[in-house]
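K.L.:
Listed here are the chains, written in short residue letters.
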Amino acid sequence: EDQVTQSPEALRLQEGESSSLNCSYTVSGLRGLFWYRQDPGKGPEFLFTLYSAGEEKEKERLKATLTKKESFLHITAPKPEDSATYLCAVRAAGGTSYGKLTFGQGTILTVHP
Amino acid sequence: EAQVTQNPRYLITVTGKKLTVTCSQNMNHEYMSWYRQDPGLGLRQIYYSMNVEVTDKGDVPEGYKVSRKEKRNFPLILESPSPNQTSLYFCATYDRMNTEAFFGQGTRLTVV
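Here the protein sequences come in this chain order: S and U.
The opening position of the first sequence corresponds to residue 3 in our numbering, with each subsequent residue numbered one higher.
The opening position of the second sequence corresponds to residue 356 in our numbering, with each subsequent residue numbered one higher.
Worth double-checking, as some hints may not be accurate.
List of simulated lysine-lysine pairs, DSS-like, C-alpha gap at most 30 Å [as the list claims (entries may be wrong)]: (1) Lys426(U) x Lys412(U); (2) Lys424(U) x Lys44(S); (3) Lys412(U) x Lys102(S).
Label-pair distances were calculated between CB atoms; the ranges are [stated by the list, open to error]: (4) Leu396(U) x Thr112(S): 20 to 26 Å; (5) Ser9(S) x Thr370(U): 33 to 39 Å; (6) Val369(U) x Glu60(S): 46 to 52 Å; (7) Lys65(S) x Ser435(U): 45 to 51 Å; (8) Phe48(S) x Asp393(U): 17 to 23 Å; (9) Ser26(S) x Asp393(U): 20 to 26 Å; (10) Thr375(U) x Gln16(S): 43 to 49 Å; (11) Arg451(U) x Ala79(S): 43 to 49 Å; (12) Thr112(S) x Glu408(U): 42 to 48 Å; (13) Lys44(S) x Thr465(U): 27 to 33 Å; (14) Val369(U) x Pro42(S): 23 to 29 Å.
If you're looking for bench data, these hints aren't it; they were derived computationally from the structure.
The C-beta atom is built at its ideal place from N, Cα and C for all residues, glycine as well.
This is chain S alone, in the form it adopts within the complex (with noise of 0.2 Å):
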């Protein structure tokens, strides 16, 4: 069975204090590794996709990172803006779980300014 751990459960941060999310995976095959960003009463935002060791992306103040067990999603001076819950996601590479997207519970970031 497909598991995404996700830690810490929240986090909070100064502006501009950089720090990472943690994203643990056990995965039959990855066949994509997703972050979204959630904001309160909101669909989920597509933010990276990874699909194998050593990839990484970025985009402004954040970086996907990710290994045969983790990624993490690291956050570099974070303003307010950034404040969200982030969803980390995989999806198995083949067999009957093929269309299905497993999510961990998330991490909610609060930046204080």
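Given chain S's structure and the hints, the job is docking chain U onto it.
P.N.:
Below, chain U alone, put in the same frame as chain S:
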């Protein structure tokens, strides 16, 4: 503009009264899926569809039905809603296995 549209956005209903939540997409995506989101449990997949007339169960399908008669629409049906189906529901679409999913804005359902 790429859109995934869910209706209604908010719904309060009574136990046992059949309801349908609609989902429509304008991106010609093959794959569509329904999720529910609950505090402490995260997003869990209810059903998904790989194409017209092809659907399969996700992790929590009990109490739900779906149909995919047209490529753009994927309604979620609750034949006899119960209070434990009170949740925030999201529809998602994607065009190939490796691409990201696009989510609707959500439907907040309360069953009393």
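K.L.:
Work down the list of hints and note, for each, if the structure agrees.
P.N.:
Cross-check of the supplied hints:
| no. | hint | result |
| --- | --- | --- |
| 1 | Lys426(U) x Lys412(U) | holds, 18 Å |
| 2 | Lys424(U) x Lys44(S) | holds, 27 Å |
| 3 | Lys412(U) x Lys102(S) | holds, 9 Å |
| 4 | Leu396(U) x Thr112(S): 20 to 26 Å | holds, 21 Å |
| 5 | Ser9(S) x Thr370(U): 33 to 39 Å | holds, 37 Å |
| 6 | Val369(U) x Glu60(S): 46 to 52 Å | holds, 49 Å |
| 7 | Lys65(S) x Ser435(U): 45 to 51 Å | holds, 47 Å |
| 8 | Phe48(S) x Asp393(U): 17 to 23 Å | holds, 22 Å |
| 9 | Ser26(S) x Asp393(U): 20 to 26 Å | holds, 21 Å |
| 10 | Thr375(U) x Gln16(S): 43 to 49 Å | holds, 46 Å |
| 11 | Arg451(U) x Ala79(S): 43 to 49 Å | violated, 35 Å |
| 12 | Thr112(S) x Glu408(U): 42 to 48 Å | holds, 45 Å |
| 13 | Lys44(S) x Thr465(U): 27 to 33 Å | violated, 18 Å |
| 14 | Val369(U) x Pro42(S): 23 to 29 Å | holds, 27 Å |
Hints 11 and 13 from the earlier list are contradicted by this structure; the remaining hints agree with it.
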